[in-house]
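Asks: Sequence:
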Amino acid sequence: MNRNRPFLHSAISFALLAMAHTWASTAQAADAVRGGLLWDRYWSVNGATQPTGNHPLYPLGGPQSGSTTYRCKECHGWDYKGVDGAYGSPGGSHYTGIPGVFGTTLTTSELTDIITTTSVPNGHGFGSYGLTDGDVDDLVAFIQTLVIDTDLYIDAQGEFIGDPVQGQTNYDSVGACAECHGAEGTAINFGAPADPEWIGTIASANPWELLHKIRFGNPGTIMPSWVEDGGSDQVAADIGAYSQQSHPAQSLCTRLPRTSCAQSEKAVLQVKKPANAAKAKLKFQWTKGAAVDQADFGDPDTTTNYALCVYDSDLAVVSTAPTIDVRPNAAWLSKEPNGWKYKDKVGTYSGIGMATLKPGETGKSKVLVVGSGATLPLPAAVGPDRFFAQDPSVTVQLVNENEQCWTAVFTASKKNDAEMYKATLP
Numbered sequence: 018m019n020r021n022r023p024f025l026h027s028a029i030s031f032a033l034l035a036m037a038h039t040w041a042s043t044a045q046a047a048d049a050v051r052g053g054l055l056w057d058r059y060w061s062v063n064g065a066t067q068p069t070g071n072h073p074l075y076p077l078g079g080p081q082s083g084s085t086t087y088r089c090k091e092c093h094g095w096d097y098k099g100v101d102g103a104y105g106s107p108g109g110s111h112y113t114g115i116p117g118v119f120g121t122t123l124t125t126s127e128l129t130d131i132i133t134t135t136s137v138p139n140g141h142g143f144g145s146y147g148l149t150d151g152d153v154d155d156l157v158a159f160i161q162t163l164v165i166d167t168d169l170y171i172d173a174q175g176e177f178i179g180d181p182v183q184g185q186t187n188y189d190s191v192g193a194c195a196e197c198h199g200a201e202g203t204a205i206n207f208g209a210p211a212d213p214e215w216i217g218t219i220a221s222a223n224p225w226e227l228l229h230k231i232r233f234g235n236p237g238t239i240m241p242s243w244v245e246d247g248g249s250d251q252v253a254a255d256i257g258a259y260s261q262q263s264h265p266a267q268s269l270c271t272r273l274p275r276t277s278c279a280q281s282e283k284a285v286l287q288v289k290k291p292a293n294a295a296k297a298k299l300k301f302q303w304t305k306g307a308a309v310d311q312a313d314f315g316d317p318d319t320t321t322n323y324a325l326c327v328y329d330s331d332l333a334v335v336s337t338a339p340t341i342d343v344r345p346n347a348a349w350l351s352k353e354p355n356g357w358k359y360k361d362k363v364g365t366y367s368g369i370g371m372a373t374l375k376p377g378e379t380g381k382s383k384v385l386v387v388g389s390g391a392t393l394p395l396p397a398a399v400g401p402d403r404f405f406a407q408d409p410s411v412t413v414q415l416v417n418e419n420e421q422c423w424t425a426v427f428t429a430s431k432k433n434d435a436e437m438y439k440a441t442l443p
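Everything in the sequence shown is counted per our numbering, starting at 18 for the first residue and increasing by one.
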């Protein structure tokens with residue numbers, strides 16, 4: 018008889034319990050929300066070196082290249098369904114033919130191995146590309162607990178299934194999205210100045226991406242996670258529905274200045290961007306211009322969108338500076354037949370607080386736009402000694418969606434330094 022056997026059994030049991038406790042603690046410590054951010058762009062979350070070249074598993078000749086091919090979403094989709102989801106159209110800009118992770122039956126250890134190493138079939142080897150064991154734990158936790166069936170929230174046509182009225186409340190108040198993105202979702206431009214990308218752009222072009230970012234936030238930014246703060250997926254979809262219906266998907270500003278705009282004999286452009294963003298200012302005044310009819314202004318209080326477009330040029334290469342869009346709203350007051358007045362003390366739309374649209378015969382018409390504050394989407398100065406390059410000119414155009422346009426071209430300035438630009442015509 019082995020008198021040590023009971024002790025051995027007890028020791029083994031204790032060891033197994035300790036291991037089980039360790040596994041449970043590790044599982045509990047995993048951060049699934051952080052895993053959702055890693056799914057988006059992991060190096061912006063964990064500070065790893067951004068990868069170069071194409072990931073070895075990315076299809077040869079695929080439509081993307083470079084670090085993009087290391088993003089989980091690129092092959093498996095924002096809807097987590099890969100070839101069976103929104104990225105499943107051959108010839109599409111994100112098509113890879115790779116399956117998704119939604120509904121996976123792989124175990125925790127199997128998922129961990131596939132993500133971390135290359136020693137298993139289809140092993141991704143991310144342990145060699147900057148993902149730590151903790152990162153992998155978070156990513157696995159995300160896949161196992163927070164991957165959802167996006168078909169419940171976005172239909173086959175890419176329309177959010179939600180309540181836009183509740184979505185507006187969530188956007189404006191509950192989630193305080195408007196504090197950073199602005200009432201129209203245009204205060205933050207994710208794209209280039211000449212090709213702006215806003216919340217409405219993503220809502221229209223890739224609603225699955227918007228849903229994911231609402232749920233988890235945007236890597237490398239202060240954007241909070243909706244689900245981490247206790248918000249439901251349906252409420253996130255409500256925000257998406259509101260954005261699709263109410264936020265502009267693209268600016269009225271074209272890449273280059275329009276050539277058919279009404280000219281003026283007298284104009285003023287003033288831009289001020291000091292270190293204190295709250296003191297930023299912009300003024301564009303267009304007077305003694307071509308003849309303008311009341312009908313040219315449309316109905317900005319209900320249906321007509323407006324945008325102020327500023328174009329700088331450097332060695333004759335034109336670039337768009339700020340594009341300031343003002344959607345139809347009640348701050349516009351009709352003065353028919355004498356035009357429109359706009360007054361908004363809080364600068365709801367990109368900091369614009371005042372505007373005047375005045376019709377008249379040649380030499381009598383007038384356009385005025387004034388904005389101020391931190392939400393003005395002003396560009397950075399082009400250099401330490403000048404705000405605009407102005408080589409050879411700065412062009413400003415106020416345009417509306419009825420293809421009406423009022424322009425001024427400034428080839429000289431009264432002041433042009435790192436914080437201020439001021440020019441007048443003549």
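Hints may be right or wrong, so weigh each one.
Said to hold, decoys possible - Mimicking DSSO-like on lysine-lysine, the simulated pairs with C-alpha atoms at most 27 Å apart in a straight line are: (1) Lys290 with Lys432; (2) Lys358 with Lys300; (3) Lys289 with Lys375.
Just so you know, these hints were derived from the structure itself, not from any lab.
Asks: A separate judgement is required for each hint: does it hold in the structure or not?
Replies: Checked hints:
1. Straight-line distance between C-alpha atoms of Lys290 and Lys432 comes to about 13 Å, which keeps the hinted pair within the 27 Å bound.
2. Pair hint Lys358 plus Lys300 holds up; C-alpha atoms about 15 Å apart against a cutoff of 27 Å.
3. For the hint linking Lys289 to Lys375, the alpha-carbon distance of about 26 Å falls within 27 Å, and the restraint holds.
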